[in-house]
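**Student:** Given next are the chains, with one letter for each unit.
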Amino acid sequence: MGSLDGKVACVTGGTRGIGLAIAKAFLDEGAKVVINGRDKAKAQRTLDELNAGANVHFIAGDVKKREDCEAVVDGTVAHFGRIDILVANAGGAANHAPVADLTDEAMEDALVWNFWHTFWVMRRAFKYMIPQQSGRVINVSSVDGKVGKPGISTYVSSKHAVNGLTKSAAHEVGTLGITVNAVCPGAIETDVMMAEGPGAAVAMGTTYEGLLEMFASESAIKRLNEVEDVSLIAVLLASDAGAGITGSLISIDGGTSPY
Amino acid sequence: MGKLDGKVACITGGTRSIGRAMAEAFLAEGATVVVNGRDAAKGAVAIAEMGGGPNIAFYAGDSSKQSVVEGLIDFTIEKFGKLDICCLNSGGVNMTAPVAQMSDEEWNLEIDWNLNHVFWGMRRSLQHMIPRQSGRIIVTSSVEGKLGKPGIPGYVATKHAVNGLVKSAAHEVGTLGITVNAILPGIIETDIVRSTGPDSAVAMGLGTYENLIAAFSSEAATKKPNKVEEVAAVAVMMATDAARNITGCLFPVDGGTLPY
Numbered sequence: 065m066g067s068l069d070g071k072v073a074c075v076t077g078g079t080r081g082i083g084l085a086i087a088k089a090f091l092d093e094g095a096k097v098v099i100n101g102r103d104k105a106k107a108q109r110t111l112d113e114l115n116a117g118a119n120v121h122f123i124a125g126d127v128k129k130r131e132d133c134e135a136v137v138d139g140t141v142a143h144f145g146r147i148d149i150l151v152a153n154a155g156g157a158a159n160h161a162p163v164a165d166l167t168d169e170a171m172e173d174a175l176v177w178n179f180w181h182t183f184w185v186m187r188r189a190f191k192y193m194i195p196q197q198s199g200r201v202i203n204v205s206s207v208d209g210k211v212g213k214p215g216i217s218t219y220v221s222s223k224h225a226v227n228g229l230t231k232s233a234a235h236e237v238g239t240l241g242i243t244v245n246a247v248c249p250g251a252i253e254t255d256v257m258m259a260e261g262p263g264a265a266v267a268m269g270t271t272y273e274g275l276l277e278m279f280a281s282e283s284a285i286k287r288l289n290e291v292e293d294v295s296l297i298a299v300l301l302a303s304d305a306g307a308g309i310t311g312s313l314i315s316i317d318g319g320t321s322p323y
Numbered sequence: 424m425g426k427l428d429g430k431v432a433c434i435t436g437g438t439r440s441i442g443r444a445m446a447e448a449f450l451a452e453g454a455t456v457v458v459n460g461r462d463a464a465k466g467a468v469a470i471a472e473m474g475g476g477p478n479i480a481f482y483a484g485d486s487s488k489q490s491v492v493e494g495l496i497d498f499t500i501e502k503f504g505k506l507d508i509c510c511l512n513s514g515g516v517n518m519t520a521p522v523a524q525m526s527d528e529e530w531n532l533e534i535d536w537n538l539n540h541v542f543w544g545m546r547r548s549l550q551h552m553i554p555r556q557s558g559r560i561i562v563t564s565s566v567e568g569k570l571g572k573p574g575i576p577g578y579v580a581t582k583h584a585v586n587g588l589v590k591s592a593a594h595e596v597g598t599l600g601i602t603v604n605a606i607l608p609g610i611i612e613t614d615i616v617r618s619t620g621p622d623s624a625v626a627m628g629l630g631t632y633e634n635l636i637a638a639f640s641s642e643a644a645t646k647k648p649n650k651v652e653e654v655a656a657v658a659v660m661m662a663t664d665a666a667r668n669i670t671g672c673l674f675p676v677d678g679g680t681l682p683y
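So the protein sequences, as listed, match chains A and B. Here the numbering used here is used: the first residue of the first sequence is 65, the next is one more, and so on. Here the numbering used here is used: the first residue of the second sequence is 424, the next is one more, and so on.
Worth flagging that the hints you see were computed from the coordinates, not collected in a lab. A virtual CB, placed ideally from N, CA and C, is assigned to each residue, including glycine. Please note: incorrect hints may appear among the correct ones.
To be verified - In silico DSS-like links for lysine-lysine, alpha-carbon gap of 25 Å or less:
1) Lys572(B) - Lys191(A)
2) Lys650(B) - Lys572(B)
3) Lys650(B) - Lys231(A)
Stated by the list, open to error - So the derived label-pair ranges between C-beta atoms look like this:
4) Asn119(A) - Asp497(B): 32 to 40 Å
5) Glu131(A) - Ala451(B): 44 to 52 Å
6) Gly241(A) - Asp462(B): 44 to 52 Å
7) Lys129(A) - Pro682(B): 32 to 40 Å
8) Ala467(B) - Gly212(A): 35 to 43 Å
9) Asn634(B) - Lys129(A): 48 to 56 Å
10) Asp69(A) - Lys505(B): 29 to 37 Å
11) Gly628(B) - Gly212(A): 23 to 31 Å
12) Pro573(B) - Glu277(A): 45 to 53 Å
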């Protein structure tokens with residue numbers, strides 16, 4: 065008996081990093097899971113690793129495109145017959161620079177990747193969840209959705225926006241059996257962090273190693289978080305026991321966030 | 424296989440309501456649990472209802488007393504050999520009065536029950552957990568640890584203080600394998616709320632108990648009170664080995680009430 069037996073979940077960006085950990089944890093708890101990503105070849109490696117047979121299904125799509133976001137949600141319902149749990153997980157930011165030097169393109173990219181993607185998949189999922197009067201939306205935000213660091217205003221602004229969207233939506237659907245929460249992890253050395261961290265570090269006036277050390281030093285645990293920290297909370301929020309938790313911005317940051 | 428197999432927990436105020444739900448959830452996950460309460464007869468009934476057996480024990484005493492809180496922890500370690508999980512759960516609205524009318528005596532009762540109890544329990548637990556480089560401290564706080572309501576200043580002030588204590592302690596022991604977290608429930612119709620709610624309602628200018636429940640519920644996105652089982656599920660999660668990186672967290676279980 066798993067805590068998610070019979071549930072259907074959709075995880076954007078589910079082929080690696082935090083999304084993959086969440087997909088694994090959901091499968092372990094008995095859910096059927098759609099994972100999404102841009103690259104079919106990468107996805108095949110993930111599917112092989114998950115080894116979950118018909119309980120997992122891949123839908124290709126770029127979350128920076130509205131039609132792809134909507135197709136991932138619609139495709140989940142088409143394939144598994146319903147959607148109980150939406151995890152808006154994909155995200156990141158690139159081309160970091162201080163505000164004074166920041167390009168429109170870099171800010172737009174982060175907003176589309178983190179905020180618009182979350183809005184697009186949530187709005188689409190509500191079309192199914194509101195009539196069925198049940199659902200769980202889990203937005204993967206960040207400790208930077210609550211605090212701010214110099215040089216990464218794209219990421220910080222878009223994650224703050226995700227947190228606001230989370231709270232507003234939670235109040236809209238609070239009596240409809242649907243919860244909407246954000247999880248706010250501290251720094252985790254995911255593939256996206258390894259790809260974009262060095263650029264962010266330069267914009268912040270440090271090195272990649274210095275960036276990781278800065279995040280770790282601000283926490284109580286003095287180390288980075290891990291993807292399994294996030295999946296632990298995602299399972300709780302997705303389960304029936306999470307029914308009373310909504311509109312929350314859950315810190316998974318080793319004690320970093322002040323609130 | 425339970426998530427808490429082999430763990431030993433103690434819970435202040437564990438014979439009913441939130442503490443009772445935590446005890447039952449911990450037992451179901453394989454832990455050994457010591458619950459505390461003031462009334463020995465009620466305690467005996469409670470542990471019998473929870474299945475009795477060798478995995479549960481009761482320690483009688485008023486958790487607003489230092490000797491009782493420390494005694495509970497010492498008893499748990501003596502009886503079961505160690506303490507992995509300390510739930511500092513008891514507390515409530517002891518006295519209702521606006522600040523202008525609050526007596527020193529009433530204020531101090533609130534401080535002892537909601538704040539000093541947590542400090543005494545945390546200090547004693549940490550003295551055991553730090554040498555072992557392992558432990559979980561879970562404090563039952565409240566949405567009132569972040570907000571404020573009229574007429575219950577002692578409760579609001581002590582729950583705010585508890586949240587600060589949790590964050591400070593989490594940073595002190597963050598590299599020692601010990602996590603310190605708080606759970607912030609919204610209104611739950613526990614025995615304590617049912618017994619003190621009518622007075623609170625009057626002090627808060629809401630008139631009746633029903634109005635009090637409705638006022639709290641109306642602030643939530645869910646428009647209803649929370650449940651003890653929701654708090655227990657979060658406590659189990661925090662108590663597991665998997666939650667080693669979750670610390671200093673003020674975890675709301677409030678149906679969307681808190682603004683942050």
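**Student:** I'd like to know which numbered hints this structure contradicts. Please list them from smallest to largest.
**Tutor:** 1, 4, 6, 8, 11
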